[in-house]
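Peer 1: Going by UniProt numbering, 69 is the number at position 69 of the sequence shown; the sequence numbering is gapless.
Quick caveat, the hints were computed from the structure, so don't treat them as lab data.
Careful, some of the hints might be misleading.
Claimed, not checked - 30 Å max Cα-Cα, derived DSS-like pairs, lysine-lysine:
| no. | residue 1 | residue 2 |
| --- | --- | --- |
| 1 | 67 | 87 |
| 2 | 63 | 119 |
| 3 | 67 | 118 |
| 4 | 39 | 119 |
| 5 | 63 | 44 |
| 6 | 87 | 119 |
| 7 | 39 | 118 |
| 8 | 87 | 39 |
| 9 | 44 | 118 |
| 10 | 39 | 63 |
| 11 | 63 | 118 |
| 12 | 44 | 87 |
| 13 | 87 | 118 |
| 14 | 67 | 39 |
| 15 | 119 | 67 |
| 16 | 44 | 119 |
| 17 | 44 | 67 |
| 18 | 87 | 63 |
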Amino acid sequence: MKYIFSLSVLVCFLLFNCKSQMPPKEPSSTSETAFVGTKWVLTKLNGDVLNLSKTELEQPYIKLSSKDNGIGGNGGCNSFGGTYILKDNQQIEFSQMMATMRYCEGSSIENVFMSNLKKAVSYTITDGELTFVDENGYILASFEPSTDKNAN
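Work the whole structure out from these sequences, hints included.
Peer 2: Written out as structure tokens, the structure is:
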């Protein structure tokens with residue numbers, strides 16, 4: 001009789017314990033999951049609102065891939081790629097950065113953008129805006145998620 005009672009208590013415990021577990025949370029729009037896999041369009045460079053000139057052929061953007069820890073994008077004229085490492089406390093490191101070498105007259109935005117990506121050490125996502133900062137906390141670049149339905 002003791003055996004049956006003990007077994008019954010164990011079975012009840014297991015059944016109720018399984019039902020009481022919280023379902024996994026869906027990722028929010030500002031989660032790290034949304035950070036990786038989203039096309040982020042450059043909106044500010046060095047804290048200033050981006051003002052594209054006629055020489056930029058495309059809106060600069062980045063997109064991080066979880067599959068190969070790769071980053072890709074466009075600086076306005078040239079496509080680029082590389083790798084990234086996410087560390088604790090929203091720290092990030094970009095490496096192995098390379099870009100096409102297409103001639104673009106007056107591509108100063110692209111040069112600053114690419115240089116700033118190499119300097120980035122951390123990121124934040126606040127109210128849907130992604131921001132990269134350097135080791136001194138200086139804002140290097142800010143992005144918004146692309147509204148292009150084919151971007152993701």
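Peer 1: Are the hints correct? Go through all of them and say.
Peer 2: Going down the list of hints, with the structure as the test:
1. The hinted pair formed by residue 67 and residue 87 meets the criterion: a straight-line CA distance of about 17 Å does not exceed 30 Å.
2. Between residue 63 and residue 119 the CA atoms are separated by roughly 17 Å; this keeps the pair inside 30 Å, and the hint holds.
3. A distance of roughly 21 Å separates the Cα atoms of residue 67 and residue 118; the hinted pair therefore holds under the 30 Å criterion.
4. Using a Cα cut-off of 30 Å, the hinted pair residue 39 and residue 119 holds, with the two alpha carbons roughly 20 Å apart.
5. The suggested pairing of residue 63 with residue 44 holds, with an alpha-carbon distance near 16 Å, which does not exceed 30 Å.
6. Of the pairs offered as hints, the one joining residue 87 and residue 119 holds, with about 15 Å between alpha carbons and a cut-off of 30 Å not exceeded.
7. Restraint check for residue 39 and residue 118: the C-alpha separation of about 19 Å stays at or below 30 Å, so the hint holds.
8. For the given pair, residue 87 sits about 21 Å from residue 39 by alpha-carbon distance, which is consistent with the 30 Å threshold.
9. Distance check on the hinted pair: residue 44 and residue 118 sit about 16 Å apart at the alpha-carbon level, within 30 Å; holds.
10. Restraint check: the Cα-Cα separation between residue 39 and residue 63 comes to about 5 Å, which is no more than 30 Å; the hinted pair holds.
11. For the proposed pair residue 63 and residue 118, the alpha carbon gap of about 15 Å is at most 30 Å, so the pair holds.
12. With a C-alpha separation of about 24 Å, the suggested pairing of residue 44 with residue 87 holds against the 30 Å cut-off.
13. The suggested pairing of residue 87 with residue 118 holds, with an alpha-carbon distance near 16 Å, which does not exceed 30 Å.
14. Under the criterion of a C-alpha separation no larger than 30 Å, the hint pairing residue 67 with residue 39 is consistent with the structure, at around 15 Å.
15. Our distance criterion of 30 Å between C-alpha atoms is met by residue 119 and residue 67, whose separation comes to about 24 Å.
16. Restraint check: the Cα-Cα separation between residue 44 and residue 119 comes to about 16 Å, which is no more than 30 Å; the hinted pair holds.
17. The suggested pairing of residue 44 with residue 67 holds, with an alpha-carbon distance near 28 Å, which does not exceed 30 Å.
18. With a C-alpha separation of about 18 Å, the suggested pairing of residue 87 with residue 63 holds against the 30 Å cut-off.
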